[in-house]
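With chain U's structure known, arrange chain X on it following the hints.
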Amino acid sequence: MNGVWTIAVYTWREGMRKKTLIGFLFLSILVIFGATFMTAFLQETSTGMVESDVDAKLIKDICVTAISIFGVLITIFISASVVPTEVENRVIYTVLSKPVRRYEYLLGKFLGIQLIVIINLALMGGLFFMAIYFKQHILPTLLLWSILLTYMEFLIVSAFTFAISCTSTSAVLPTIAGLFIYITGNLTEYLKNVYEAAGQTSKTIDIWIGRVAKALYNVLPNLQNFSLKNQILNLQPNDPPVDVMIPNLIVYALVYAVCGYFMALWIFRRKEL
Amino acid sequence: MRKSPGIIYAIIALVLFGIGAFQGSRLSRLRDEEAFYRWMVSIANQARLFPDFHTAVDAEGNPTKDKDLFDAVATLSENVLGDIPVTDEDKIAGSDAIQPKIVRAVREGGHEDVLWSLAQSEAFLPPKASFLQYRREHKLMSLGTQFGLTDMYTAEGTVVSLSNMFFGFRKMAANLVWLEVDKHWHSGQMHRMIPLMNTATALDPNFVDAFLLGAWHLAYNFTPQLKETPEALKVYDKKYDTWVGEKEKLYYDGVDFLLDGIRKNPTNYKLYFDLGYAIYELKLVDHPNAVKYLSEAVKHRHDVWVRSTLYRCLQNNGQYEEALAGWEDYRKQFPGTNRADTIAPRFIDINQGLIFERDYKKAFAKASLLDEEAKQLLGKTEEARAQGNADEAARLERESEAKLAEANVEKEVAKPLREKARQTWESRLQKESDDVFAKCALHRMDAEDFARDGRYYEAIALLENARWEVPSFFEEASALIIEYKQKAKIPLTMSEQMAEIREEDEQRIHVEREKNKPVN
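These protein sequences, in sequence, are chains U and X. Just so we're on the same page, our numbering is the position in the first sequence counted from 1, plus 148. Just so we're on the same page, our numbering is the position in the second sequence counted from 1, plus 2.
The following block holds chain U by itself, in its conformation from the complex:
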């Protein structure tokens, strides 16, 4: 396990030095800070009776969106590039020549990716936390759950992107695949509408489209399940469904993450190096 942890830490250090990553992080910080200025477009408006919190809401939504966009870009980029870069640079031969098994190497890389994503999310989340605190003078503790669910969503994307990156010697294809996974994951919900609406014409093709849509809906990871991360910021204190959903979402993400890791392991196991 020492070897795994060493590889993870080394991956994290290398990853944090990448210019693209720093660029994304810098942009996200800029957007989060800029959120407070964007509300300057809203002139002082209140209803006659109740003070409006539109500017606080604007900040929250911009920050959540920025974390989502830049977070997923960072996740995809880092997950797609970690292994292919090392293959391209031939560093992987040096590493694998040591008494490190392939599964340990991959596990270390995977954990290193997660460390990068977690630290980036923590940084962006911390800034968001501060922005809200200065605006509303309250500690948005529910934000922590939102960040956790965001990470779980990224964990799934990261796992499958990582698996695809093990097939490639260049980071371009896995990056595109990662974006595709993220988009598809968000569109999976649409398949439910398709299979619910299917079968109305009684034509065979209509029925089969419905069956295929249902099968895909049940099998593919559905990132819309994590839409709770946006809504949770408006949460009321006692909300039983959310108390049940959060642990289930964590299990969901972990299962797919481990699945992605084993897919990566299966692919990498067969890779000629």
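Hints in this document: simulated from the structure, not taken from any laboratory. Hints are not guaranteed to be accurate.
[Said to hold, decoys possible] Subject to a maximum C-alpha distance of 30 Å in a straight line, what follows is the list of computed BS3-like cross-link-like pairs (lysine-lysine):
hint	chain 1	residue 1	chain 2	residue 2
1	U	K362	X	K141
2	X	K441	U	K351
3	X	K364	X	K251
4	X	K301	U	K283
Only chain X this time, still in chain U's reference frame:
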């Protein structure tokens, strides 16, 4: 042997994929249950606050299935929910029935866990299946509330839900649309605001501030340039069972907008507050509805001044005892604050004075009625005596004396109450010499005293001075002046005659409307 580990990894990956798919289907089921739970809470709230929710129609104009489904859920929950205490507000208006247990549970609060377990239980499988079917067919009005957002979008009749199109960035889209609304508002292009307001709230149903500001724009900012519609030109609004002109139509549009917000965010006090105070109290001057919605606002997490606003509306609605109790409770709960030390004692005095005034006026009115009856009986006594019916005359005389005695008792009851009212106002003025309410009340009492003694000229002179001294007393004083002039048969001024004609016209229109009111 080398290939075996590879196959094992593939098998593990497939098994995990299967487990993931299984967990995904569990999550899908949980989300359906969540949507059902949100709908139950929303509809129970609506059944209590908006009893005519069953008249809602879907996009094609057909009645929605909410009422039928709600009835089924309410019937099932009667046997499953424990004892929920019944309060006065659980009585259904216009009947002796009380609200179902599920409505009372939502009203009382604290039963979220029970309702959630009901939504997941087997007993509720049939209504849940119906809910899912109606949701697919877009036959429900209120789908989920704060967090069943995907369901809300399918309710708009679109197959591809907006959330999918925006990849979860719909809140951002709603914010950008709202920036446009703000821009149009500040550039005076009001006509462009309404569709954008609807778009922003459709994209983000949790955008409470959009509902608040949108309703404010409708009720306050769209109306200042409009002229008041003459009573005779107002049209009947079936939905609100009232007669509306241009301005009132916009006020009710604001009401509708806030009601939509309440449907989607049933636990946010701001929506109830704006609806009750900003629109019903200040614009429509509908005190009962103002009290109704403000009472709802204080049931949820709210700011401290919401309660004081509720007590003021209770006072305006004539519920002085409740207002008094509220202010006294307020003073105990927040000692050392300005509201508790300065404002609450003032309103305690005001409500106490109003209670005394109301009670003595009631007693005086009863005494006047009894005097009138006694006078009539005396008249009949004389008639009976003239007809030679001594027994009847004696009986009538006794009855008349009994009425007079009763009247005197009422007067004896009224006098100390009147004294107490006067003392309350005078002590208020001693505490605060420019207290407008106490000044108005004392002027009114003095004028009434003069009028009761037949000293109408003095009463009118007092009121003439008072209405200029205390501007808020102007309308009340003017009405009293007209009344006393008519009693004293003093000619009215031109403006007073015009006011009388307007009053008579309005009463006549009101009577005609009641006669010709369309049946709902």
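Any of the earlier hints contradicted here, and which numbers? 2 and 3
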